[in-house]
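From just these sequences and the hints, can you work out the full model?
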Amino acid sequence: METEELIIDDSERCVFRYHRTTMTSPDVLELERQRIFDRCWVYLGHESEVEQPGDYRRRNVGGRPVFFVRGQDGGVRVFLNTCPHRGALVCRRDEGNTQVFQCFYHSWTYNLDGELLRRPDEAGYSETVDRTEMSLRPPPRVDNYRGFYFISFNPDIEELPVYLAGATEYLDRIADQSEVGIKVSRGSNRYTVRSNWKLLVENAMDAYHLLPLHITYFDYVTDLVKDIPGGGVIKNWRPGVVRVLGNGHVVQESPGLTGRTVAQWHPVMGEDSKEEIEAIRERLVELHGEERTNQIAGTNHALFIFPNLFINDFLFTILRTFDPTAPDRTDCTAWSLVPKDHSTNLQARRLDNFITFLGPGGLGTPDDSEAVESCQLGYQAGEMAWSDLSRGMHREATTADELTMRVFWREWLGCLLGLDGVETADRTPGSRDG
Amino acid sequence: MQTFESRSLREEVEDFLYEEAALLDEWRLDEWAALFTEDAKYVVPSTDLPEGDPELDLVFINDDIMRLRSRVKRLKSRHAHREYPWSRTRRFITNVRVKETVDGDLAVTANALVYRFRAGQDDPYVGHYEYTLRRVDGELKISYRRATLDHETLSRHGAVSIIF
Chain V
1 METEELIIDD SERCVFRYHR TTMTSPDVLE LERQRIFDRC WVYLGHESEV EQPGDYRRRN
61 VGGRPVFFVR GQDGGVRVFL NTCPHRGALV CRRDEGNTQV FQCFYHSWTY NLDGELLRRP
121 DEAGYSETVD RTEMSLRPPP RVDNYRGFYF ISFNPDIEEL PVYLAGATEY LDRIADQSEV
181 GIKVSRGSNR YTVRSNWKLL VENAMDAYHL LPLHITYFDY VTDLVKDIPG GGVIKNWRPG
241 VVRVLGNGHV VQESPGLTGR TVAQWHPVMG EDSKEEIEAI RERLVELHGE ERTNQIAGTN
301 HALFIFPNLF INDFLFTILR TFDPTAPDRT DCTAWSLVPK DHSTNLQARR LDNFITFLGP
361 GGLGTPDDSE AVESCQLGYQ AGEMAWSDLS RGMHREATTA DELTMRVFWR EWLGCLLGLD
421 GVETADRTPG SRDG
Chain A
1 MQTFESRSLR EEVEDFLYEE AALLDEWRLD EWAALFTEDA KYVVPSTDLP EGDPELDLVF
61 INDDIMRLRS RVKRLKSRHA HREYPWSRTR RFITNVRVKE TVDGDLAVTA NALVYRFRAG
121 QDDPYVGHYE YTLRRVDGEL KISYRRATLD HETLSRHGAV SIIF
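Top line first, the protein sequences correspond to chains V and A. Residue 1 is where the first sequence starts when you use the numbering used here, and the numbers rise one by one after that. Residue 1 is where the second sequence starts when you use the numbering used here, and the numbers rise one by one after that.
Do not take every clue at face value.
[Said to hold, decoys possible] Label-pair restraints from in silico Cβ distances:
#, chain 1, residue 1, chain 2, residue 2, range
1, A, 51, V, 155, 40 to 48 Å
2, A, 93, V, 155, 49 to 57 Å
3, V, 1, A, 109, 54 to 62 Å
[Claimed, not checked] Chain A is nowhere near these chain V residues, computed Cβ spacing over 10 Å in every case:
#, residue
4, 19
5, 89
6, 120
7, 123
8, 143
9, 158
10, 168
11, 298
12, 336
13, 341
14, 422
Note that these hints are calculated values from the structure, not bench results. For every residue, glycine included, the Cβ atom is placed at its ideal position computed from N, Cα and C.
Structure, rendered in C-alpha cells:
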C-alpha cells in the first residue's frame, strides 16, 4: 500500500478515513520515527524541573535516551545519554543534582557543559586527538519557548517559535498565569498503554467520547455539585471552539464550568479560596488588562502540539506526552503545572481536580486506556480496514466533532510524504477547486 | 505478659487486614467502604515519588470518603470499563507490624502482593500499606490507608483500576 493511500480525505462526500494498518504496522512506526519523531520539534521538559545548577532529569524523547541539566552559568543543556567512549548510559538516575557526570563503565568524567574532564590513565591517549571530539553530544537542535524545552534531531528544522506557529499564543497564556512563573509539581504519572500512540493522541483530543465513555465521572461530579448553588455543571456543558493553529497543532477552547484557580472563582471551589482567586484576577488585570486577562484566565484550553504533546489548561494544568515503543505499545507521562506563587490550598485544589479524572488512578483515564486497547485488539479482526473520522465535516465543526483528529492526521500524512505546509483545516464542502 | 498482649493486638490487626483483603477479592465493595471513617483518606502515591504529599505533589489517588464511595459505586457499575467484566484478584498480605500511637490509634504497616487476572494479563501489583486504624465503638476502622507501589512505572498494568 502506498503511503498516500493510507488516508481518504474527501471533502465532497464529507468522508475522512484512515487505514488501520497505520496503527499496527512496524513499517509505519519506522517511517514515523524517521519522518516525524526525528524531523519535528519534540517536547523534552520544563525549565522548572532543573531549578538549581547541577539539577538534572533523564527521559526518553522520541525513543531516544537523553538528559538535561542546569549548568553553573544558569543555562540548560541537553545531552544524548550515551558515553562518547563506548556507549554506556552516562546518566543512570531519573533525577538528581550533581557536579559532574561520570560514566560508570570506564570512569570517564564530564562537567555540566558536557566537556570531558578526566579519564583514567590519560597517557594512554595520543595528544593528536582533540578532546572535544569526546564531549557529551547534544541533540542537533535544542530550544525553549517560555520555559518549555523541545529538541529536534533535524538540524535544518525551522526555529522553534516558527514551528509552534499559533500554539505560541496558548503557551503564552499558560506561562502568564503568574508573574513569578510556573513550575512542574513533584511526581509524575508514568504508565504504559497497549495501543498505538496515535490512538492515545486521538483519545486526548476527542470530546465526542466524553459522555458515553466517562458516565461514572460525570455522575461523581453531579453528586459533588448537587447541593452547591450554581452547580449545574453537566447541563451547562456546551461544545467549545476548535482553532487550527498550523503545523498540525490544534486547540479546543471552552468555558471553564467549574472555575479556574487562575482566575475564575466558582462556588464548587469553596468560600475559603474565593479571596485568593479574586486577588489573582485583579493582579492579572493590573499586569495585562481586562481583555488579556479574560484570555489567560477566562477559558479552558486543550492544546495539542504536534506530534505528541498535550497541555490541558483547565482548573489545573496538565502536560502529557505519548511516546511509542512498539506499534501496539506507548509510554505515557503526565505532569502537573502550577503557578509558583499559588498557596498550598490552591495547589492542592489543582492536583485534586487533575487526579479525579486523569492519571492511572483517576475516574476517567483507565476507561480511556481500556478503550484504545480495545481498538488495538479489534484491529486483529481484519476485513474492516478503515476507521472513520468524518464527524462534523459537513458543518462548522465543534469540539464534539472529529476535526481535531483530522488536523492531526493531515499533518501526519504530510510528514510521511515529506510535504511542508500542508493545509490541515477542513475544506468547506463544495468549495474545492476542480 | 507484655509479649502476649502485643501479639494478640497484632493478630487482631491481621484478622482485620485479611478480612479487608477478602472483601476486595470478592468484590464486596460496599462492605469494604464501610470499613472507613467519615474523615478517612485513601492515597496511592506516584511510582516515581513514593513519599509524595497529595497536597503538594502529583499522586495517583487521593480519595476522601465521598470519592472513595464514588469509586466503589463506579466499580460496581457496568461503566468502569477497565474493570468490567471484573478482574480476578488474589491478595497476599504479610509482614504486618503494629504500633500504638499517642492518641490511641494503631499505626500499621504491611507488605502486599496482589495478582490481577483479566483480558489475558496476569501482572502482580507489589507494594506496601500504611494504615491508621481507629477503634470506633469497639470495632477497628480505617482512617488512613496509603498504598505504595514498588514498581518504577505502571509499565505493565497501565492503571490502578482495582483497589490496591
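Here is how each hint holds up against the structure:
1. 51(A) to 155(V): 40 to 48 Å: For residue 155(V) against residue 51(A), whose Cβ atoms are near 42 Å apart, the range 40 to 48 Å holds.
2. 93(A) to 155(V): 49 to 57 Å: 56 Å, holds
3. 1(V) to 109(A): 54 to 62 Å: 57 Å, holds
4. 19: 26 Å, holds
5. 89: 15 Å, holds
6. 120: Holds: least Cβ distance 31 Å, greater than 10 Å.
7. 123: 41 Å, holds
8. 143: 26 Å, holds
9. 158: 33 Å, holds
10. 168: 26 Å, holds
11. 298: Correct as stated: the minimum Cβ-Cβ distance to chain A is 26 Å, above 10 Å.
12. 336: Answer for residue 336(V): violated, closest chain A Cβ roughly 5 Å.
13. 341: The claim holds: residue 341(V) sits with its nearest Cβ about 14 Å from chain A, beyond 10 Å.
14. 422: 33 Å, holds
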